[in-house]
Amino acid sequence: MTAINKAIKWIKSPTSIAPLVTFRVLFGILMLLSTIRFWIRGWITTQYVDPTFHFTFIGFDWIHPLGNVGMHLVFFFIAVSSLFIALGFCYRFAMVTFFLLFTYVELIDVTYYLNHYYFISVVSFLMIWLPAGRFFSLDVKFNPALKVTEVPRWTVGSIRLQLGLVYFFAGLAKLNSDWLLAAQPMKIWLPTKSHLPLIGSLMYEEWVAYFFSWFGAAYDLFIVFFLLIRRTRFIGYLMVLIFHIATAIFFPAIGMFPYIMMVCTLVFFSGDFHLKLIRFFNPLFSGVENRSVFFKPVYQNERLWIFGLFFLIQIVLPMRYLAYPGPLFWTEEGYRFSWRVMLMEKVGTAIFSIRDSQTGNRYEVNNSEFLTTQQEKMMSTQPDLILKYAHYLADVYVRRGIKKPQVYGEVYVTLNGRRSAPFIDSKVNLADQQLSFKHYKWILPFNINHDL
Amino acid sequence: MLLILFYISCSKKSNPADDKTTNGFDKTAMLTNYADKLIIPAYEQAQQKLTGLQTSVNAFLATPNLTNQAALKIVFKDTYLQIERISVLEFGPSRDNSLVGFINTLPANTMKKIGEKTDLAIMEENIASGNWNLVQNSAVHQQGFPALDYLFFANDALAKFTDANSTNRKKYVQDVLNRIKSLLDQTLSTWKNTYRGQFIANTQSNSGSPISYLLNQFAYEMDMLKGPRIGWPFGTQSGGIQFPELCEAYYSGLSLDLAIENMNSLKNMFTGGNSGKGIADLLAALGNTSLKDEILNQFNVVDSKLKAIPAPLSSALANNKPAIEDANKEIQLLLRLIKTDAVSKLGVQISYVDNDGD
Chain A
953 MTAINKAIKW
963 IKSPTSIAPL
973 VTFRVLFGIL
983 MLLSTIRFWI
993 RGWITTQYVD
1003 PTFHFTFIGF
1013 DWIHPLGNVG
1023 MHLVFFFIAV
1033 SSLFIALGFC
1043 YRFAMVTFFL
1053 LFTYVELIDV
1063 TYYLNHYYFI
1073 SVVSFLMIWL
1083 PAGRFFSLDV
1093 KFNPALKVTE
1103 VPRWTVGSIR
1113 LQLGLVYFFA
1123 GLAKLNSDWL
1133 LAAQPMKIWL
1143 PTKSHLPLIG
1153 SLMYEEWVAY
1163 FFSWFGAAYD
1173 LFIVFFLLIR
1183 RTRFIGYLMV
1193 LIFHIATAIF
1203 FPAIGMFPYI
1213 MMVCTLVFFS
1223 GDFHLKLIRF
1233 FNPLFSGVEN
1243 RSVFFKPVYQ
1253 NERLWIFGLF
1263 FLIQIVLPMR
1273 YLAYPGPLFW
1283 TEEGYRFSWR
1293 VMLMEKVGTA
1303 IFSIRDSQTG
1313 NRYEVNNSEF
1323 LTTQQEKMMS
1333 TQPDLILKYA
1343 HYLADVYVRR
1353 GIKKPQVYGE
1363 VYVTLNGRRS
1373 APFIDSKVNL
1383 ADQQLSFKHY
1393 KWILPFNINH
1403 DL
Chain B
7 MLLILFYISC
17 SKKSNPADDK
27 TTNGFDKTAM
37 LTNYADKLII
47 PAYEQAQQKL
57 TGLQTSVNAF
67 LATPNLTNQA
77 ALKIVFKDTY
87 LQIERISVLE
97 FGPSRDNSLV
107 GFINTLPANT
117 MKKIGEKTDL
127 AIMEENIASG
137 NWNLVQNSAV
147 HQQGFPALDY
157 LFFANDALAK
167 FTDANSTNRK
177 KYVQDVLNRI
187 KSLLDQTLST
197 WKNTYRGQFI
207 ANTQSNSGSP
217 ISYLLNQFAY
227 EMDMLKGPRI
237 GWPFGTQSGG
247 IQFPELCEAY
257 YSGLSLDLAI
267 ENMNSLKNMF
277 TGGNSGKGIA
287 DLLAALGNTS
297 LKDEILNQFN
307 VVDSKLKAIP
317 APLSSALANN
327 KPAIEDANKE
337 IQLLLRLIKT
347 DAVSKLGVQI
357 SYVDNDGD
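Protein chains in written order, with our numbering: chain A, 953 to 1404; chain B, 7 to 364.
Calculated from the structure, these hints are not laboratory results.
Don't take each hint at face value.
Coverage of chain B stretches by chain A, computed from C-beta distances (three or more under 8 Å per stretch; other residues unrestricted) [stated by the list, open to error]:
no., segment
1, 30-41
2, 68-76
3, 205-215
4, 238-246
5, 336-345
When the alpha-carbon atoms are kept at most 25 Å apart in a straight line, the in silico SDA-like pairs for lysine to any residue are as follows [said to hold, decoys possible]:
no., chain 1, residue 1, chain 2, residue 2
6, B, K327, A, Q1358
7, A, K1393, A, D1013
8, B, K335, A, S1320
9, B, K335, A, N1313
10, B, K327, A, N1318
11, B, K55, B, V81
12, A, K1379, B, N334
13, A, K1379, B, P328
14, B, K335, A, W1394
15, A, K1356, B, I247
16, B, K335, A, N1381
17, B, K43, A, H1147
18, B, K198, A, H1147
19, A, K1379, B, G245
20, B, K187, B, Q210
21, A, K1355, B, I247
22, A, K1379, B, T173
23, B, K335, A, T1325
24, B, K198, B, E331
25, B, K313, B, S357
26, A, K1379, B, K187
27, B, K335, A, E1328
28, A, K1379, B, I247
29, B, K335, A, S1309
30, A, K961, A, T1325
31, B, K335, A, H1147
32, B, K311, A, S1305
33, A, K1390, A, Y1344
34, A, K1379, B, D229
35, A, K1379, B, G246
36, B, K311, A, N1318
37, B, K335, A, S1305
38, B, K198, B, P328
39, B, K311, A, A1373
40, B, K43, B, S195
Ideal Cβ positions, reconstructed from N, Cα and C, are used throughout, including at glycine.
Use the sequences and the hints to build the structure in full.
Here's what the structure looks like:
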């Protein structure tokens, strides 16, 4: 018990607020840029305005997009709250607004799910409870009484722990035979990078695919330890930069992810480092070395409970796949929210037909009538989305005058370069199957050795 | 080490010669082959054949009789087949001009209703009134080869070229032809002047790259064959209710010839004209020879299944159902091989949005 008490005492002990503050500023700036980028590329319209149908998350069917003007307003307020976060203006309010709006957008459609969007939701939730606005902020400028220089260790630690979990689970996920023994999907992805100058021709070499796979797995598993230990921190951060700049160049389609990680991992540096950084950007903040103002959070213990519970969920969620039968990559039951980043090459073709149970007539579905390219692509390989779409089709065909439509899917999926194989039982009426977190028995078994 | 090398290489401007691979597959050579041996010549051929068609049309319009109609049909077919060879090239300048969209809409839906009226009815009204505007998007189903097919070969076509509206009708035909010609000219000149350079310089596989365009267009054409060309008229989407008038080139009865030509030009594009520099060869170079062979073989299977359907397709729909079902099954397999297996093995990206999950 004393060990636990000691640990609790330690995580409550004071440390410099500076890492939290630079984290806040950089997070705000990055979210602002990322929102502008999303807007400029026209994705608000193509992802949230144009589609007639959205794949909602189970339990979140009540979430709907707000139309053209509404969605643009949502993104506008996301941008404004990002700016406020960076400036530290009405910090708590801006943080809550950002978290709610951003998470709302992400909940509209599963098919746009990205690990780093989930990461942003998770981190912005944490930041609501952290005193990141109480130094080097407009809030403090307007109300100096808010200013603190010392915060409990767990506040900075929570961000570090969250980052640690992301990397570590991403690393664990790479410890599978396709990745390590077959260098898949690197063997498929790298030859598409043969246009890169100088090293382009290397992309056809098999050993390079193995090198990337093994290096990637080792990086994800161990980088946090390098960052945690003071002596290896600098070299660790250099690795972070090299690794993520390389992934940004090799895989531009992953978007903001590398930049988010490069910025966020700065939080591992010491308070002194961050103070220097802040002073560099604002010479007015001289005298910050005077650590006289202490942070004494009133709800400290309650918040610790929230964080404890939160991190328990964060550890259990990525492990939940163990409760499902069959290989995770094939069934994807328990795949989301588990930091499986750039891990597999999966493509499917899904053809649905509606059978009128009264007349026996068949109606083949034209997917492009209902789904965008992205929606169709994601749906074709993920069982829960296939089922959701099948239910939607049943509704559509009821409206078109078929009393009891049966929905059948002929879905073929290829995983990590294997030949495509039937993914679901085409004789099962999907309209009759329940959406749930239980294992879907109509997913066909996967032959892992098949033709790799 | 590798990454340091990589950094140095990124700091200076890349040399085009670097794009070539020494021990891998030369994608620049492949794209050059596509541009110079397949794509640009296909447009040039189309231009040439269109000129021939215009001559035949002029002869027919001067003397609209059965003999000239029969002579016109031969040239019309020949030109239409060439149009099938450029339909798989709907990207870059062609996409920007909506070339294929305007000159050969699918389904060939002149019966499609716009509000209360079909496109066909609107076309006839326009001819009667002497007013039309082919450039506007709403007129997309009132022009191109589907319109010519109707104007030349509908049952009462000959009679209409001698009735009261015949002057307007002849003018309409000429306008449709000129519109095809101008879209074709624009597309070819953009290819030659600017797009060829961009096309061969981009050896990436991400969205918006030539390799991704090629694969996506293969997949799209397969969808077209399965849907609008055969499936929709056959009733696959309508519970068995057939729509023969949706067949491509319904009035001249060329549907099957066109579908077969489309497939074979697709196969030709897939192999790169058997030059050793096509997508098929890239697949093989990446260690997928058996998949490549299977796709090529499946092209032949589809070809023979389509040839087993007695022409015209519009009457085979009802009378030769097993042959069509047979073909559909094989088309679906080819579609899957291209859309799933080939796309995946080539690491081609289908969508434009960010993607970190797979």
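Right, here's what the structure says about each hint:
| no. | hint | in the structure |
| --- | --- | --- |
| 1 | 30-41 | holds (count 3) |
| 2 | 68-76 | violated (count 0) |
| 3 | 205-215 | holds (count 6) |
| 4 | 238-246 | holds (count 5) |
| 5 | 336-345 | holds (count 5) |
| 6 | B:K327 - A:Q1358 | holds (24 Å) |
| 7 | A:K1393 - A:D1013 | holds (24 Å) |
| 8 | B:K335 - A:S1320 | holds (20 Å) |
| 9 | B:K335 - A:N1313 | holds (18 Å) |
| 10 | B:K327 - A:N1318 | holds (21 Å) |
| 11 | B:K55 - B:V81 | holds (8 Å) |
| 12 | A:K1379 - B:N334 | holds (19 Å) |
| 13 | A:K1379 - B:P328 | holds (22 Å) |
| 14 | B:K335 - A:W1394 | holds (23 Å) |
| 15 | A:K1356 - B:I247 | holds (19 Å) |
| 16 | B:K335 - A:N1381 | holds (21 Å) |
| 17 | B:K43 - A:H1147 | holds (22 Å) |
| 18 | B:K198 - A:H1147 | holds (23 Å) |
| 19 | A:K1379 - B:G245 | holds (18 Å) |
| 20 | B:K187 - B:Q210 | violated (32 Å) |
| 21 | A:K1355 - B:I247 | holds (18 Å) |
| 22 | A:K1379 - B:T173 | violated (59 Å) |
| 23 | B:K335 - A:T1325 | holds (24 Å) |
| 24 | B:K198 - B:E331 | violated (42 Å) |
| 25 | B:K313 - B:S357 | violated (35 Å) |
| 26 | A:K1379 - B:K187 | violated (50 Å) |
| 27 | B:K335 - A:E1328 | holds (22 Å) |
| 28 | A:K1379 - B:I247 | holds (24 Å) |
| 29 | B:K335 - A:S1309 | holds (23 Å) |
| 30 | A:K961 - A:T1325 | violated (53 Å) |
| 31 | B:K335 - A:H1147 | violated (38 Å) |
| 32 | B:K311 - A:S1305 | holds (23 Å) |
| 33 | A:K1390 - A:Y1344 | holds (20 Å) |
| 34 | A:K1379 - B:D229 | holds (23 Å) |
| 35 | A:K1379 - B:G246 | holds (20 Å) |
| 36 | B:K311 - A:N1318 | holds (23 Å) |
| 37 | B:K335 - A:S1305 | holds (14 Å) |
| 38 | B:K198 - B:P328 | violated (46 Å) |
| 39 | B:K311 - A:A1373 | holds (24 Å) |
| 40 | B:K43 - B:S195 | holds (16 Å) |
In summary, the structure is inconsistent with hints 2, 20, 22, 24, 25, 26, 30, 31, 38 from the numbered list given earlier, while agreeing with the others.
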